[in-house]
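Let the sequences and hints guide you as you build the complete structure.
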Amino acid sequence: MARYSIIIICVLPVFAGLLGVFLPAFGWFPIYGKSHFTFEILVQTFNQPGFLHSVWLSVSTALLSTFLAYWLCIFTLIYSQKLKLHSTLKKIIAPLIAVPHITVAMGILFLIQPSGWVFRIFSPWLTGWQTPPDLNIAPDLYGVALIIGLTAKELPFLLLVGFTVLKQVNISRYRQQITPFGYGPIAGWFHIIHPMIAARMRVCVLIVLCFSVSVVDMALILAPSTPAPLAVKIFNWYQSPDINSQLIAASAAVYLLLIALCCCVFWIACGAGLRTVFCFLSYRGARLTVRGLPHKLIILPVLALIMFVLIMGIMGLLSAGIWGFVEVWRFPDILPEKWGLVSWRNGFAAYIPPFINTLIVGFITSILALISAIIWLEYPAKSLSKVTEALVYIPLLLPQTGFLFGMQVLIIWLEVDGLYITVIWAHYLFVFPYTLLTLGPIWRRFDVRYELLGASFGFSKFKRLWRIKMPLMAVPVITSFAIGFAVSSALYLPTIFAGNGTFLTLTTEAVTLAANASRQAAGIAALLQMILPLVIFIIAGIYIRFRLHNFSYFRISH
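Residues 587 to 1144 in our numbering are what the sequence shown lists, from first letter to last.
Accuracy of the hints is not assured; some may be wrong.
[Claimed, not checked] Simulated pairs of lysine-lysine, DSBU-like, Cα-Cα distance not exceeding 30 Å:
id: 1; residue 1: Lys1047; residue 2: Lys753
id: 2; residue 1: Lys676; residue 2: Lys620
id: 3; residue 1: Lys924; residue 2: Lys972
id: 4; residue 1: Lys1049; residue 2: Lys753
id: 5; residue 1: Lys753; residue 2: Lys677
id: 6; residue 1: Lys972; residue 2: Lys1049
Hints were generated in silico from the structure; no laboratory data involved.
None of the values given here were measured: they were computed from a predicted structure.
Right, here's the structure in full:
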């Protein structure tokens, strides 16, 4: 019963939101006197100026960023196994996992725009520039900055998933089996190991792809605006008070749903094609080895590209943090000429309500999602368990603009817009799937002999959970809570639609300030947005390391 209650909480508003999008898209919107089904609005949307270019921009940036993030992740997993870099990489990716997307976007903007850190480093001694050059770099016409930002943010997430998946695959045993057949380490990986890893990572990769298709907050900062990606145009149409713009937004959201579906089908088809090619090569006896080729010619460029993406993300965060303490920073100085706290003194009071809202909503949502995930995993369905679990991931596999407008109509009709409970509910739709995704694989690998031992002492199921399982699973549980908080603090569109534009969080403020305020104000917002989830991760890490050291032999690590 608890499992089905969770499904209703997660899925019902999504289907209501889809209904609230599809009906207006086909002309049925009785509130505004539209009660006849028609394809006219879909045709009108298709004929909007720059519509096809917006579609192309959304598709190209999503596919390219996902492609880069995925294959960089795969090569990182390959070489981290060879070079024993797991612990080092986890320390590098931790800050990028913790901080919201919008913070990474602001950091990338501060880094690569004409007056950013990259140009300051090479000026004037190499470029001769004493003033920022007149270049369209960020945002650029082709969405390259957005691709860099999405790759820098999604690569750490895929690496986290990949490291978890590696623990489920006995790589050393497979390598021992394939080496006598003449397969090198790279060829053996792609012939044997990669198909198993790809199958386990498929859902996470599709989530990344669908998010990239419909991203709004990062696109508002890094993507071009003439025309903008389709998701941004939909968001702008939704914000318009004109009824015709509302209908166009709904029909454009239908197009975006179809685009996301096509991108997912294309990705799966490419994966199937790649498997077919490797099966054919295996059948023909091909080993994909180039004799005499130094191994460093392969490993060094790949590692350089991986480190470039990660360093870009980290330097972007550092640049955004520096701008929060700047009073004077003229081009081409590498560091500020004058540091100070003037911006903090003048405007810090305005950040207190968004900070408190972010903290309250994130904490409550993460706790509810964690409790729901534990209940879900402790009481599995006796039948159709995979089907019911697939329903939970629907909010992550749909473009947010594809159903949030319809959900907003439901929220306004119920007169609960702008309330804490409504925003928490909207965040829960996204936080719970991520919590289940991170906690589920480790929870299901728990050694049941500990529970059987507790049962032999007469412990009830709840007592076995609380006294035995929870202490041993403390590391993944606390990690899942921290990830859930990071997800909640990063949500932009759910906050806007559920809060009806009046509920302020650090993310909504950061997007507004990045477009309309000074760099100092935007830097403060980015720094606060960065600090909050990082503090949660740091506290979680300290608790894991010092409070639970007595369980180090038994504990299942993340």
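Verification of the hints:
1. Lys1047 with Lys753: 28 Å, holds
2. Lys676 with Lys620: Roughly 54 Å separates the two Cα atoms, so the pair is violated.
3. Lys924 with Lys972: 58 Å, violated
4. Lys1049 with Lys753: 29 Å, holds
5. Lys753 with Lys677: 18 Å, holds
6. Lys972 with Lys1049: Judged against 30 Å, a Cα distance of about 28 Å means the pair holds.
Hint compliance for this structure: hints 2 and 3 are broken, all remaining hints hold.
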